[in-house]
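Protein chains in written order, with full-length UniProt numbering: chain A, 1 to 321; chain B, 1 to 321; chain C, 1 to 321; chain D, 1 to 321; chain E, 1 to 321; chain F, 1 to 321.
One should not assume that every hint holds.
Since the list can't tell identical chains apart, any single copy or any two copies may satisfy a pair.
[Stated by the list, open to error] PhoX-like, lysine-lysine: derived pairs with alpha carbons at most 25 Å apart:
(1) K86 to K72
(2) K138 to K255
(3) K4 to K150
(4) K4 to K49
(5) K313 to K234
(6) K42 to K4
(7) K49 to K86
(8) K150 to K32
(9) K313 to K172
(10) K27 to K72
(11) K255 to K150
Because the hints were derived from the structure by calculation, they are not lab data.
6 protein chains.
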Amino acid sequence: MTKKIYEHEVDEPVDIFMLIKGADVRKAKNNKPYIAFTFQDKSGQIDGKFWDAKEDEIERFQAGTVVKVTGKREVYQNNPQLRITKLRPIQAGEPYTPDMFMERAPLRAEEMVDEINETLFEITNAPINRIVRHILNKYHKDFFEFPAAKRHHHAFPGGLGFHTISMLRLAKTIVRDYPGIDPSLLYGGVILHDIGKTIELTGSMATEYTLKGNLIGHIVLMDEEITKACETLKINEDNESVILLKHVVLAHHGKLEFGSPVLAHVMEAEIIHHLDMLDASINMIDTALQRTEEGTFSERIFGLGNRTFYKPKGQTKPQED
Amino acid sequence: MTKKIYEHEVDEPVDIFMLIKGADVRKAKNNKPYIAFTFQDKSGQIDGKFWDAKEDEIERFQAGTVVKVTGKREVYQNNPQLRITKLRPIQAGEPYTPDMFMERAPLRAEEMVDEINETLFEITNAPINRIVRHILNKYHKDFFEFPAAKRHHHAFPGGLGFHTISMLRLAKTIVRDYPGIDPSLLYGGVILHDIGKTIELTGSMATEYTLKGNLIGHIVLMDEEITKACETLKINEDNESVILLKHVVLAHHGKLEFGSPVLAHVMEAEIIHHLDMLDASINMIDTALQRTEEGTFSERIFGLGNRTFYKPKGQTKPQED
Amino acid sequence: MTKKIYEHEVDEPVDIFMLIKGADVRKAKNNKPYIAFTFQDKSGQIDGKFWDAKEDEIERFQAGTVVKVTGKREVYQNNPQLRITKLRPIQAGEPYTPDMFMERAPLRAEEMVDEINETLFEITNAPINRIVRHILNKYHKDFFEFPAAKRHHHAFPGGLGFHTISMLRLAKTIVRDYPGIDPSLLYGGVILHDIGKTIELTGSMATEYTLKGNLIGHIVLMDEEITKACETLKINEDNESVILLKHVVLAHHGKLEFGSPVLAHVMEAEIIHHLDMLDASINMIDTALQRTEEGTFSERIFGLGNRTFYKPKGQTKPQED
Amino acid sequence: MTKKIYEHEVDEPVDIFMLIKGADVRKAKNNKPYIAFTFQDKSGQIDGKFWDAKEDEIERFQAGTVVKVTGKREVYQNNPQLRITKLRPIQAGEPYTPDMFMERAPLRAEEMVDEINETLFEITNAPINRIVRHILNKYHKDFFEFPAAKRHHHAFPGGLGFHTISMLRLAKTIVRDYPGIDPSLLYGGVILHDIGKTIELTGSMATEYTLKGNLIGHIVLMDEEITKACETLKINEDNESVILLKHVVLAHHGKLEFGSPVLAHVMEAEIIHHLDMLDASINMIDTALQRTEEGTFSERIFGLGNRTFYKPKGQTKPQED
Amino acid sequence: MTKKIYEHEVDEPVDIFMLIKGADVRKAKNNKPYIAFTFQDKSGQIDGKFWDAKEDEIERFQAGTVVKVTGKREVYQNNPQLRITKLRPIQAGEPYTPDMFMERAPLRAEEMVDEINETLFEITNAPINRIVRHILNKYHKDFFEFPAAKRHHHAFPGGLGFHTISMLRLAKTIVRDYPGIDPSLLYGGVILHDIGKTIELTGSMATEYTLKGNLIGHIVLMDEEITKACETLKINEDNESVILLKHVVLAHHGKLEFGSPVLAHVMEAEIIHHLDMLDASINMIDTALQRTEEGTFSERIFGLGNRTFYKPKGQTKPQED
Amino acid sequence: MTKKIYEHEVDEPVDIFMLIKGADVRKAKNNKPYIAFTFQDKSGQIDGKFWDAKEDEIERFQAGTVVKVTGKREVYQNNPQLRITKLRPIQAGEPYTPDMFMERAPLRAEEMVDEINETLFEITNAPINRIVRHILNKYHKDFFEFPAAKRHHHAFPGGLGFHTISMLRLAKTIVRDYPGIDPSLLYGGVILHDIGKTIELTGSMATEYTLKGNLIGHIVLMDEEITKACETLKINEDNESVILLKHVVLAHHGKLEFGSPVLAHVMEAEIIHHLDMLDASINMIDTALQRTEEGTFSERIFGLGNRTFYKPKGQTKPQED
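Turn these sequences into a full structure, and let the hints guide you.
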C-alpha cells in the first residue's frame with residue numbers, strides 16, 4: 001500500500017517503513033561514530049548514512065529490524081542513496097515484520113520444492129538419483145533460503161533455489177531440442193552445482209564467507225558432499241555415473257581461472273556452464289536495469305566485467321507484485 | 001541401404017559409394033602427384049590419400065563427383081582415415097547423385113523457412129521487422145544453403161539456417177521464462193547475427209573466405225547490410241531500434257578479442273552471445289562424439305580450446321535416418 | 001598580456017580571467033552543494049572546487065562563460081589544483097570572449113583545410129578520391145572543430161583535424177622513403193580513420209559519447225559512412241579499392257582488444273596503425289610534460305598504460321603563442 | 001659392466017642390452033607396419049624405429065621385455081635417436097631382468113620409508129598425524145612405486161616418493177630457518193600433496209591418465225581422500241586443522257590457471273607451492289642436462305615454458321653407479 | 001620496558017615513545033594543514049593523522065625524531081591506525097635515540113658480515129670470487145644498511161643484507177641435497193642479485209627511487225657493476241664464468257614481465273629465482289600476520305597478488321626481543 | 001643479365017647461377033644423407049633439397065659457394081621451393097663471385113657511412129656525441145655488415161645499418177614536425193639501439209646467437225658498451241644525458257615481455273620504440289609481398305603475429321636493380 005523506495009522519484013521526499021539489511025558502525029573524520037545503513041524493501045536496496053550516532057541508536061538500529069525512515073531519495077556518484085533526516089523504530093500497532101520487506105525469489109519455497117521434486121522423477125540413473133535426493137534432504141532448508149551469491153546475482157533469500165529452478169527450465173528445453181543429452185546427468189548436475197554455497201556462505205542476512213568457503217570453496221565442498229554421500233549410501237565411487245556427476249560440478253565455472261579445478265570434458269558439463277552464465281547474466285542485468293531510467297545506462301555491473309547496460313526508451317518498467 | 005563409412009568398424013574393409021568433397025593435388029617426396037581426398041556420406045567425412053595419381057585421374061576425381069571406393073577404414077594418429085585400394089567413377093545404371101551423400105541440416109529448407117516465417121510475426125517492432133524481412137529476402141537462398149562456418153560448427157550445407165533455428169528455439173524459452181526481454185530485438189538479432197557469413201564465405205562446397213570475409217568480416221558486413229537496408233527502406237538510421245539491432249549483431253561474439261568491435265551493453269546482445277556459444281558448443285561436441293567410441297575421449301575440438309570430450313559408456317549412438 | 005594559469009608558480013596567488021570548461025554541481029558531506037570546476041586558458045586546464053554554492057551562483061557559473069578567479073595555484077595529490085577564494089563574472093568593459101581562452105590546435109582551420117586539399121590531389125585512385133571528398137564535405141565543419149578524443153590525446157577543439165594533419169605529414173615521409181606504398185590508400189585511410197569520432201562524440205565542449213558512439217563505435221560508424229557514400233556515388237562496393245579503404249579504417253586500432261574488428265592484413269593498414277600510435281603518444285606525453293617541472297616525473301598518463309614521463313633538466317619549456 | 005646407451009658418443013656403434021619401455025606399432029607411408037620403440041637403461045631413454053616389422057616381431061618385442069640391440073646412437077632434429085640394425089630377445093644364459101635397466105629414484109624404497117616415518121614423529125598435530133598415517137597406509141605401495149608425473153619431472157618409478165622426500169628435506173630447512181611455521185601442517189601437506197597421482201595415473205609403465213585423473217584430477221582426489229579419512233577416523237571435518245590440511249593440498253599448484261581451485265591463503269600453502277616448483281624445476285633441468293654436451297644448450301623443456309638450458313663448459317658429467 | 005605499540009589491544013589507550021618514520025604535510029578540506037605521520041617502534045609501523053598542525057609543529061615533528069605520543073590504537077578500514085590526542089618531543093633526561101625504535105634485521109651487521117665472509121670461501125671459481133669481493137667492498141656499508149625494497153618485503157634497515165643471508169642459507173641446503181649445482185655461481189649470484197638496490201633506492205629512511213632506479217633499474221645496474229669490475233680487475237668479459245654470473249643476476253626476476261631482460265637458461269639462475277620468491281613471500285606473509293588476530297585474515301598483501309592470509313587459531317604470536 | 005630465380009614463373013624450368021646460403025646435411029627416411037639447401041640471388045632466397053648426396057658433393061656444395069642449378073621453381077605447402085635436377089660448381093671462365101648474388105641493403109656502405117656522419121653533427125649534446133662516436137668506431141665494420149636480425153626483418157648483410165638509416169630518416173621528420181624533441185637523444189638512441197646485435201649474433205652468413213646473445217641479449221649488451229665507453233672517455237656515469245641515453249636503448253622494445261628491462265619513461269624512448277616497430281613492420285611486409293602474387297595473401301609473417309598480408313591487384317612489382 002505504501003509507496004516503495006524505488007517508486008519515489010529522485011529527489012522526492014521519503015517517509016516509509018523499511019528493513020535494515022546492514023548496519024555498519026564507522027568513524028567520521030571528526031571521530032564521531034556514524035552508521036552506514038543498507039535499507040531494503042521489495043523494490044530493492046538503498047544505502048544511507050546516519051551521522052553522529054549515539055550509543056543507544058547503535059544498539060537499537062541493527063540489521064534485521066524494521067524502521068520508519070524520513071528523508072529524501074538521492075543519487076550520489078551515479079549510485080542511489082537515501083538522505084536520512086529522521087529514523088525511528090516501529091511502534092506498537094505498526095504491524096510490520098522483516099519478511100514483508102525482503103526481496104525474495106519470485107517463486108515461493110513450496111513451488112520450488114514441487115518443481116524440483118518433479119524433476120527428480122526424470123533423473124532415471126539410479127546412483128545419480130540417490131545422491132541428489134540424499135544431498136537435497138541434507139541441505140533442504142538452506143537450499144531454499146540461501147542467496148545464490150554474496151552479491152552479484154540472485155543475492156536475495158531463496159536466490160539459490162530460484163537460480164537452480166531457472167537453470168532447470170532451460171535445461172529441459174535443451175533436452176527437448178538436442179538429442180544425445182543425458183537428462184539424469186544434466187538435471188542432477190544443475191541441482192547440485194551450487195548447493196556448496198550453503199556451506200561456503202553464512203546465510204541470507206549479512207552474508208559472509210565461512211572459513212571453509214574461503215579455504216576450500218563451494219565447488220570442492222560439493223565434491224566432498226558427493227564423496228560422503230557415496231560412503232553413506234554404499235555407492236561405489238568408481239561407478240562412472242558418480243565420476244561424471246562430480247565432474248559436471250567441478251567443471252561448471254568453465255575456466256580454471258574462475259576456480260574450476262578441471263575444464264569441462266563431458267557434454268553435460270559444458271552445457272551446465274553455459275546455462276549458469278546465461279541465467280546469472282540475465283539476473284544481474286535485470287536487477288541493474290530496474291534501477292535505471294529509460295534512455296540511460298545502468299551502474300557498472302561488477303560480475304559482467306564492469307560493463308554498464310543501456311535501458312532502451314519506451315520499454316516499460318517490469319511490474320512488482 | 002549400403003552401410004555408411006562410419007558404420008564400418010576400424011580396420012574393416014570398405015566397398016561403398018561416396019561423394020568427393022575435397023580433392024587436393026599435392027606432390028609426394030618422390031615428386032609424383034597424389035590426391036588428398038576428403039570423402040563424405042551421411043555418416044560423416046573421412047580423409048584418404050590416392051598415390052601416384054595420373055593426369056586423367058586428377059581430371060576425373062574432382063570435388064562434387066560420386067565414386068566407388070574400395071579400401072579399409074583405419075585410424076592414423078588418432079584421426080579416422082580411409083586407405084584406398086581402388087577408386088572408380090559411378091557407372092551407367094548406378095543411380096547416385098551428390099546430394100544423396102551430403103550431410104545436411106536435420107531440417108529441410110522448407111521447414112526452416114516456415115519456422116522463420118512464424119517467428120517474423122512475433123517481431124512486432126516495425127523497423128526491425130522490415131529490416132529483417134528485407135535482408136532475409138535478399139539472402140534467402142544462401143541463408144538456407146550455407147554452412148554456419150568453414151569448419152568448427154554446423155559446417156554442412158544448411159548449417160547456417162539450422163544454427164539460426166536452434167538459437168531461435170532457445171530464444172523463445174528465454175522470452176517465456178524471463179520477463180523484460182524485447183522479443184523483436186532478440187529474434188531479429190538472432191536471425192541476422194550470422195547472415196554476413198553468406199558474404200564472408202564462398203559457399204557450401206570447398207568453403208573458403210572471400211576477400212571481404214578476410215578484410216571486413218561477417219560482423220561488420222552485416223552491419224553494412226542493415227545500413228543499406230535503412231537507405232532502401234527509408235528508415236531513419238538514428239531510430240533507436242536500428243541502433244540496437246546493429247548493436248546486438250556487432251556485439252554477438254562477446255569479447256573484443258573474438259572480433260566484436262563493441263562489448264554487449266544491451267541485455268538482448270548478452271543473451272544472443274550466450275545462445276550462440278551454447279548452440280555452437282553442443283553442435284561441435286555432438287559432431288565429435290559421433291566418431292568416438294564409448295568409454296574413450298574424442299579428437300581435440302579446435303573451437304573449444306582444443307579440449308577432448310569423453311563419451312560415457314552405455315550411451316547409445318544417435319540414430320541416423 | 002595577463003599571466004596564464006600555468007605561468008604561475010605552485011603556491012603563487014592567482015588573479016586572472018579564465019574560461020569555465022566544466023561545472024559539475026555536487027553535494028558535500030555537509031549536504032551543501034558545491035561546484036567542481038574545470039577552468040582553462042591557453043596554458044592548459046585546472047580543476048578547482050567552489051564550496052557552499054548558492055542557487056544564483058550555480059546558475060551564473062556554467063560551462064562556456066568567462067570569469068575572474070582569485071585564489072592560489074596548488075598541487076593536490078600530485079595533480080594541479082586551483083584554490084578559489086573569489087569568483088566573479090566578467091563585467092562591462094572587460095573584453096573577453098570564450099575562444100580567447102580555448103586551447104586550440106596549433107594550426108588554424110583554414111590552414112588545415114588547405115593542407116588536406118593539397119593532399120587530395122595526391123589521391124589518384126578514383127573511387128578512393130571520390131569517397132574521401134564526399135565524406136569530407138559531409139562532415140567538413142565538425143572535422144575541423146571536434147577533438148580527437150574525449151580525453152587522452154588531442155582533446156581540444158580542432159584536435160581531430162590537427163591529429164589527422166600530423167599523421168598525413170608522417171605518411172608523406174613514408175611514401176617518400178619506402179617504395180611500394182599506395183599513396184591513395186594511405187592518405188585516404190589517414191583522412192578517414194577518425195572522422196567517425198564526429199558521430200561518436202557530442203562535440204568539443206563537455207564532450208560525451210553519443211548512443212551510437214557507445215553502441216556502434218567510431219570505427220564501424222566510419223565503415224557505414226563509406227558504405228553509404230558508395231550507394232550515393234554509385235560506386236560498386238565490390239571494387240577492391242573500396243574493400244581496402246574500409247579495411248584500413250577497420251584495422252587502424254591494431255589489435256582486436258582495442259576494438260578493431262579485423263587485424264591489419266594490408267601494408268597500408270599496418271602503417272596507419274603505427275602512425276596513429278606515434279602521433280597520439282607524442283601528443284599525450286607533450287601535454288603532460290608541459291605541466292611538469294624539469295627534473296621530475298609527470299602525472300600518470302592513462303592512455304599510455306599509466307606511465308609517468310620524466311622531463312629532463314635543462315630542457316626549456318616550449319613557448320606558447 | 002656393459003657401456004650404457006648414453007655412455008656412447010654420438011654416431012658410435014651400439015651393441016647392448018636394453019629394456020623396451022614403449023612399443024608403438026604404426027604404419028609407414030608404404031603401408032607396412034613399423035614399431036616405434038622407446039628403449040631405456042639406467043643412463044636414460046632413447047627412441048628408435050624398427051621398420052618392416054613382422055607379425056611375430058610385433059608379438060615378441062613388447063614393452064617390459066629385455067632385448068639386445070645393435071645399431072648406432074644418432075641425433076635427429078636435436079633429439080637423441082637409436083638407429084636399429086639388429087634386434088633380438090635375450091637368450092638362455094643372458095641373466096638380465098627388466099629392473100636392471102630401469103632408471104629409478106636415487107633412494108631405495110626402504111630408505112624413503114624410513115625418512116617419511118621419521119618425519120611423522122615431527123607431525124605433532126593429532127588430526128593431521130592420524131590423517132597422514134591413514135592415507136600413507138592406504139597408498140603405501142603405490143606411493144613408493146609411482147612416478148611423480150606422466151612426463152615432465154620425476155617421471156620414473158619411485159619418482160613420486162623421491163620428489164616428496166626432496167621437498168621434505170627443503171621443508172625442514174624452512175622450519176629451522178624461519179620462526180612461525182607450523183611443522184605439522186607443512187610436513188603433512190608436503191607428504192599428501194601429490195599422492196592423488198596414484199589415482200590420477202595408471203602406474204609406472206606406459207603411464208596414462210585414468211578416467212578419474214582426467215575428470216577429477218589429483219588435487220581434488222586427494223581432498224576426497226582426506227574427507228574419507230575423516231569419516232573413517234571419526235575426525236570432525238570442521239576441525240580447523242583438517243580445513244587447513246585440505247587447503248594446503250588444494251592450493252599447492254599456486255595459480256588457478258594451473259588447476260588449484262583456491263589460491264594459497266595460508267603461509268604453509270604458499271611455501272609448499274614454492275618447494276614444489278623448486279624441486280620439480282631442478283629435476284627437469286638436471287634430467288635434460290644429463291643428455292646435453294658441455295658448452296651447448298639442452299632440448300626444450302616443456303614443463304619450463306619450452307626453455308632450453310645451457311650446460312657450462314668444464315662441468316663434469318654426474319657419475320652413474 | 002615500555003609496552004610497544006602492537007602490544008596494545010585495539011582501542012586501548014596509548015602513551016609511549018615512538019620514532020617518526022615519515023611526516024607528510026597535507027591540506028585538509030578546511031584548508032588547514034595536517035601531518036600524516038608514520039610512527040614506528042620495534043613492534044612495527046602505524047599511521048596517524050595530526051590535525052591543525054601549526055608552523056612550529058611542522059618544523060619540529062619531522063622524520064627521524066623521537067616523540068612521546070598519547071592517544072589510542074584503532075583500526076580504520078581494516079588497517080591499524082593511531083588516534084593522536086597529544087604529541088610532544090622528547091625532553092632532557094629521556095634517553096631515547098632513533099635506533100632504539102627501528103625495526104631491524106634479526107641479525108646484527110657483524111653477524112651478517114661474518115656469514116657472508118664464510119660463504120666467500122666456498123666460491124672457488126676465481127673470476128666470480130674476485131668480482132663478488134670487489135663489489136661487496138665497494139657497496140659494503142650500504143649492503144648492510146639498505147632495505148631490500150621500498151615497501152613489500154624486508155623493508156627495514158638491514159633488510160637487504162638479511163634477505164641475502166636468508167637466501168644463502170637455503171642455497172646451501174640446495175647444494176647439499178642436489179648434485180650438479182655449481183656453488184660458486186649459485187652463492188655469487190645470490191650475493192649480487194639485489195645489491196643494485198643500493199643504487200636504485202635512496203636509503204633506508206623515506207626510501208624513494210633514484211633517477212637511475214627509475215630509468216635503468218637495479219637488475220641492469222648490477223650488470224653494469226660486473227662490467228666495471230671486470231674492467232678494473234682486468235678480467236676478460238668473454239670468460240664464460242663472467243657471462244654466467246651476469247646471466248643469473250639478469251634472470252633472477254624469473255619472467256620478462258617482472259623486469260628480467262632474459263629468461264633463466266642456466267640451472268643456477270632458475271634456482272636463485274625460486275629462492276628469491278620463497279624468502280620474499282615468507283617475509284611478506286610473516287610481517288602481515290604479526291598484525292593479524294588469530295582466527296582472522298590479514299590485510300591484503302600487494303606483493304602477493306593482493307591476497308589476504310589466514311592466521312590459524314592457537315598459533316602463538318612470535319616473540320619479539 | 002640472366003633471369004633471377006623470382007623472375008621465373010611457378011613451374012617454369014630454371015637453369016641459373018645462384019649462391020648457396022645454407023647447406024644442412026640431414027638423413028632421409030631411407031638413411032641416406034641429403035642436403036637441405038638455401039640458395040639465393042638478388043631476387044630473394046629459395047629452399048631446395050638435394051637427395052642422395054655423396055661425400056664429395058657434401059664437401060663441395062657448402063655455404064658461400066656459387067653453383068649452377070638446373071631444375072624447376074615450385075610451390076610446396078604455400079612456400080616457394082626449388083626442385084633440383086642438376087647441380088654443379090662454377091667452372092673456369094664463369095666469372096661469378098658470391099657478392100654478386102647477395103641480397104643487400106639498397107644503400108652502399110659508403111652512403112650509409114656518409115648519412116650517419118652527417119647526423120653526428122646534429123648530435124650537439126657533448127657526452128652523447130662522444131659516446132656514440134666511440135661506439136660507432138669500435139663496431140664500425142660490423143655495423144655496416146651485419147643483418148638487423150637472424151630472421152624476421154632486414155635479415156641481409158648491411159641490414160643493421162640500413163634499418164638504422166631508415167629510422168634516422170623518420171626521426172628527422174619527427175624533429176622537424178614536433179617541437180620539444182631532443183635531437184641529440186633521439187638520433188643517438190636510434191644509432192645505438194641495435195648495435196648490440198653485432199655481439200648478439202655471429203655474423204651475416206649462417207647467422208646464429210652467440211652465448212652472450214643468448215644469456216645477456218643485445219639490449220643489455222649495448223648498455224654495457226655505454227658503461228665501458230664512459231669509463232674509457234672519463235664521462236661521469238651520473239651525468240643525466242648518459243642515464244637518458246642508456247634508458248632509450250634499454251626501453252626500445254616497448255614492453256617488458258618483449259625483453260626491455262624498463263618501460264619508456266622519456267619521450268624520446270617512446271618515439272624510438274614506435275619508429276623501430278614501424279620500420280621493421282614495413283620491411284617484413286615488403287619482403288613477404290615480393291614473393292606474393294597479386295590478388296593473393298602472403299605467407300604467414302612470424303614477426304607480425306603470424307598474420308598474412310594481401311597484395312592488391314594491379315600493384316606492380318617493385319623493380320630490382
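Quick rundown of the hints versus the structure:
no.	hint	result
1	K86 to K72	within (10 Å within a copy, 32 Å between copies)
2	K138 to K255	neither (29 Å within a copy, 33 Å between copies)
3	K4 to K150	within (24 Å within a copy, 38 Å between copies)
4	K4 to K49	within (19 Å within a copy, 36 Å between copies)
5	K313 to K234	between (59 Å within a copy, 22 Å between copies)
6	K42 to K4	within (7 Å within a copy, 51 Å between copies)
7	K49 to K86	within (11 Å within a copy, 30 Å between copies)
8	K150 to K32	neither (30 Å within a copy, 35 Å between copies)
9	K313 to K172	between (33 Å within a copy, 23 Å between copies)
10	K27 to K72	both (23 Å within a copy, 13 Å between copies)
11	K255 to K150	both (21 Å within a copy, 23 Å between copies)
The structure fails hints 2, 8 (numbered hints given earlier, in ascending order).
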